[in-house]
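Take the sequences, apply the hints, and build the full model.
Residue numbers (our numbering), protein chains in the order written: chain A, 1003 to 1206; chain B, 1003 to 1206.
Any given hint might turn out to be false.
Identical copies look the same in the list; a pair holds intra-copy or inter-copy alike.
In silico DSSO-like pairs for lysine-lysine, Cα to Cα no more than 30 angstroms straight-line [said to hold, decoys possible]:
no., residue 1, residue 2
1, K1116, K1132
2, K1187, K1017
3, K1054, K1187
4, K1053, K1032
5, K1190, K1125
6, K1017, K1116
7, K1103, K1057
8, K1130, K1017
9, K1032, K1134
10, K1057, K1168
11, K1055, K1032
12, K1139, K1187
13, K1017, K1190
14, K1134, K1190
Treat the hints as calculated values from the structure; they're not laboratory data.
Number of protein chains: 2
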Amino acid sequence: MFPVELNDWLNDMNKICGYSIEEYSYMIEKFHGTLAPGILIGGFMVDLAMKKKPKGELFDFLCETATCLPDAIQLLTPCTYGNGWLKVVDVGRFALTMFEKYTGNGVRVFCDVKQMELYPEIKGWFFKQKIKQQQNKSALISEIIEAGHSILSTSIVQVDPTLIGKRRRGAIGVCPQCGEAYPAKDGKFCLACQGTILYSKILS
Amino acid sequence: MFPVELNDWLNDMNKICGYSIEEYSYMIEKFHGTLAPGILIGGFMVDLAMKKKPKGELFDFLCETATCLPDAIQLLTPCTYGNGWLKVVDVGRFALTMFEKYTGNGVRVFCDVKQMELYPEIKGWFFKQKIKQQQNKSALISEIIEAGHSILSTSIVQVDPTLIGKRRRGAIGVCPQCGEAYPAKDGKFCLACQGTILYSKILS
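And the structure:
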């Protein structure tokens, strides 16, 4: 028999934010559609962030990619894209930061490419060395579970003040061109009527 | 007894994508944290889009605001921010488009401010005429449920080709500055190392 603490630790080793791999896989499939490798890795990233988070009670997330990773955050934390507690600045890096919502003190978790040498399937997938049809998905998923936190690194960061706090839309006006409500701070017309491309045709 | 079709129609009147208001409210609270008025309206918007959608089997969503509305889409459809079937172009309009994923043919649903005159609580909230503490939330929620689709309008649109299809990151490189993986098409360095502001300090 292991002491209770060690038992807890061993149990915890195979969990992602308290969920078993099976439970988390089910959650991924239900929300995201398929058991995408990126969300599984993302689960370990959120888990590690929670274990290394700085002091504080209320945390937001910053995600550096729009691909897969935001869904891991949305599944495992109260932070969603629509409630504003998850912010995405898509610089294309597979990294997230969990930060105290008022001070911006946070822990950044990123995929450490140097640590991937031990895991050829992960490396091949991450660097797109094989096309999807050539990947061995079950070997890839097994490697991700085996690797756990070991392909991740962390750093302590201060999130830029421009990314802290609630999105404030300010006063609402009615756009004189499209007749819809929009944040008046955007100018005389809404951003769509100023030229942001959304539609090539409005048919009726 | 009403004929079966009329009964179905009457039952359907009080449902959002097949869920009762109570069920959907529970889903909102569980995912989004609070029963935000915007996601309740968003539910009616997704519901209307599904009823008016053009022919096709596979649909994506385009959302014109980052506030609240993306969560209604994520809750009620298979489209999430992380799986790429929900795209957000934040022009600050409370509008969404459900479009056939290959052709871009779609139905756009937006809040029609002219129709809000009958609903003073909705109008007051939508145009931020009252601060949050002065709002009568239960009256607002009741008005939203009563209003249903009646404060919404639709148009038939063609989503711009630049917004159709999967985000393609292309080949992956290692940024010579930060040492992390990034989409090589972004240039010699990743966008963060090129100056996109994320952190004011990286402490360790």
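The hints, checked one at a time:
When the C-alpha separation of K1116 and K1132 is checked against a cutoff of 30 angstroms, the pair qualifies only within one copy, where the shortest distance is 19 angstroms, while the shortest distance between copies is 54 angstroms. Proximity of K1187 to K1017 under the C-alpha cut-off of 30 angstroms is found in neither arrangement, the shortest distances being 46 angstroms within a copy and 36 angstroms between copies. Within a single copy, K1054 and K1187 get their C-alpha atoms no closer than 38 angstroms, and across copies no closer than 33 angstroms, so neither meets the 30 angstroms cut-off. Taking the closest pair of Cα atoms, K1053 and K1032 come within 30 angstroms of each other both inside a single copy (26 angstroms) and across two copies (23 angstroms).
Within a single copy, K1190 and K1125 get their C-alpha atoms only as close as 50 angstroms, which misses the 30 angstroms cut-off; across copies the closest is 21 angstroms, which meets it. Proximity of K1017 and K1116 under a CA criterion of 30 angstroms is satisfied intra-copy only: 24 angstroms inside one chain copy versus 52 angstroms between copies. In this assembly of identical chains, the alpha carbons of K1103 and K1057 lie at most 30 angstroms apart only when taken from the same copy (11 angstroms versus 44 angstroms across copies). Taking the shortest alpha-carbon separations for K1130 and K1017, only the intra-copy value of 27 angstroms comes in at or below 30 angstroms, while the best inter-copy value is 44 angstroms.
Taking CA atoms no more than 30 angstroms apart as the test, K1032 paired with K1134 passes inside one copy only; the shortest distance there is 22 angstroms, against 34 angstroms between copies. When the C-alpha separation of K1057 and K1168 is checked against a cutoff of 30 angstroms, the pair qualifies only within one copy, where the shortest distance is 20 angstroms, while the shortest distance between copies is 39 angstroms. Taking the closest pair of Cα atoms, K1055 and K1032 come within 30 angstroms of each other both inside a single copy (28 angstroms) and across two copies (23 angstroms). Taking the closest pair of Cα atoms, K1139 and K1187 come within 30 angstroms of each other only across two copies (26 angstroms); inside a single copy the shortest separation is 48 angstroms, beyond that limit.
When the C-alpha separation of K1017 and K1190 is checked against a cutoff of 30 angstroms, the pair qualifies neither within a copy, at 52 angstroms, nor between copies, at 38 angstroms. Taking the shortest alpha-carbon separations for K1134 and K1190, only the inter-copy value of 26 angstroms comes in at or below 30 angstroms, while the best intra-copy value is 47 angstroms.
Violated hints for the displayed structure, listed by number in ascending order: 2, 3, 13.
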